[in-house]
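Q: One point on numbering: in our numbering, the residue at position 536 of the sequence shown is 538, and numbering is uninterrupted.
Just so you know, these hints were derived from the structure itself, not from any lab. This list has only true hints and no planted wrong ones.
With beta-carbon atoms standing in for the labels, derived distance ranges:
id, residue 1, residue 2, range
1, R232, K114, 29 to 39 angstroms
2, D404, G263, 53 to 63 angstroms
3, E401, D195, 47 to 57 angstroms
4, H323, S14, 37 to 47 angstroms
5, K513, K479, 44 to 54 angstroms
6, D551, E401, 29 to 39 angstroms
7, R306, A412, 45 to 55 angstroms
8, K114, E35, 43 to 53 angstroms
9, G449, T243, 46 to 56 angstroms
10, V484, G347, 50 to 60 angstroms
Note that CB positions come from ideal geometry on N, CA and C, so glycine has one too.
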Amino acid sequence: MVDALKINNNFSKRKGPVVLVIMDGVGFGKYKEGDSFAAAHTEILDKQMKENPMVPLKAHGKAVGLPDDSDMGNSEVGHNAIGCGRVFDQGAKLVSNSIKSGKMFEGIVWNKLIDNVKSKNSTLHLLGLLSDGNVHSHIDHLKAMITRAKKDGLSRVRIHALLDGRDVGETSAFDFFDPFEEFLGELKSDSFDVAIASGGGRMVITMDRYNANWNMVKEGWETHVLGEGRSFTSSHEAIDTLRKESGAIDQDIPPFVITNGDTPVGTVEDGDSFILFNFRGDRALEITAAFEKGDSFDRFDRKRIPDVEYAGMMEYDGDLHVPEQYLVTPPSIDKTMCEYLTASGVTQYSISETQKFGHITYFFNGNKSGKFSEELENYVEIPSDILPYEQRPWMKCAEIADNVIETIKAGEYDFIKLNFPNGDMVGHTGNYEAVICSLEALDLSIGRIKKAVESAGGIMVISADHGNSDDMFEHNKKTGEVIYKENGTPKAKTSHSLNPVPCIIYDPEGKGEYKSTLKEGLGISALAATCIELLGFVAPAYYDESVLDM
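With these hints in hand, go ahead and build the complete structure from the sequences.
A: Quick look at the structure:
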């Protein structure tokens with residue numbers, strides 16, 4: 003529990019609400035070529051940045067709790083930082099430190115899973131994203147676990163490897179799978195049998211989120227657990243064949259099963275141990291439910307439910323305590339902005355479409371499900387389309403804007419926060435033209451909300467959680483030149499960027515309480531104190547400072 007915030011007597015609270023607009027995946031590009039945000043016709047945002055106080059904010063690396071400034075920001079850590087007003091060490095850093103110190107392997111859960119396999123002469127399974135993207139997982143964490151499993155005396159390990167192509171290059175799978183197969187070959191011995199057993203693209207199987215498409219999880223279950231699906235003799239053969247046949251980039255590669263003759267090399271059986279080595283929670287909850295929920299699970303027919311010792315890399319939901327067992331304790335994020343606002347009697351409204359609904363609620367609230375107050379808070383989820391986002395690049399911008407405008411007019415809420423997913427979700431497709439379209443739809447929606455804010459006498463804060471749409475082409479890291487494909491077209495970049503994001507303050511009723519020049523050099527964690535101050539309160543002393551210079 004937290005105490006109510008103190009009233010700021012030096013600031014006149016506006017009659018209308020404070021509206022926080024998070025443009026997911028929209029930043030200021032480093033390169034002209036491939037910067038969709040700069041190339042798109044965004045007349046409204048351009049005008050807002052020109053006529054109102056605006057400053058870039060850091061949204062990657064250490065500014066959001068990641069190990070190094072070479073690490074891209076992401077929606078999870080971005081919303082954590084925005085929502086809690088300060089920076090906590092995040093998943094990748096916590097896992098890396100736990101492995102480096104040996105704490106993970108000394109823990110009760112790791113040893114329970116290892117002892118289970120040894121006592122039953124069974125198999126340890128490891129499922130997750132095979133890349134160094136460091137957003138959901140890191141290949142070095144997987145390698146460390148396999149190496150330790152051999153040291154701990156296990157005789158059989160199977161890896162269920164998902165292709166990335168989203169947090170790394172869109173067709174970079176062989177850069178990870180081929181060296182990884184060599185790594186496994188070096189570890190193999192007469193007493194240690196280790197192999198990749200299954201795989202598929204992350205946007206096709208297993209890694210659904212927010213209950214958007216449970217068929218992805220069903221296909222993942224059938225592929226990883228049951229060993230059902232198209233068979234190949236190696237991961238290289240599978241990826242090469244499926245890529246040529248489908249023309250898909252890595253994240254969309256169909257599922258595959260590795261077999262020895264007609265027999266899958268790694269089905270999951272009674273007595274096995276199973277680890278989901280992804281550390282990020284949003285795309286881990288559904289496959290975890292399929293393993294943990296027993297007879298109460300009703301999302302699809304699992305056909306066969308093996309009795310296994312299951313664990314996640316981290317606790318993916320701190321309120322629901324999912325999974326029941328995990329290897330690394332997640333950050334304990336407390337005293338978030340929304341908790342303070344609730345204690346201060348501030349009515350709050352949160353909205354996005356399915357793909358980012360959990361970010362504007364769960365992640366914003368410090369990885370906590372549910373509301374702080376049923377009376378003061380309202381959550382609205384608009385169902386996302388279930389189809390490739392390049393086919394509907396405007397996504398649900400108009401519907402979100404419609405809802406927000408009506409909410410502003412009704413005058414029931416003091417603080418409204420929303421997430422427009424376009425820049426991120428469409429940005430991940432690598433389709434430059436679609437991203438341009440998505441940002442122009444975003445711009446129109448922000449323009450409509452701006453008019454409602456002005457009529458109500460409110461304030462609008464426009465920012466983002468990380469960059470993406472601002473860096474759509476691969477560039478040579480040394481020269482900065484665009485990398486081209488054999489056909490002469492730029493090689494698409496589908497991952498997040500390291501670029502700063504905008505922070506715009508639109509305050510049409512401003513009375514000169516703060517300077518028109520905002521503080522520079524801050525990160526997106528500054529948004530919490532900023533919103534608190536604009537609501538007429540004094541931000542907690544231990545929050546990162548506001549962008550406002552009062």
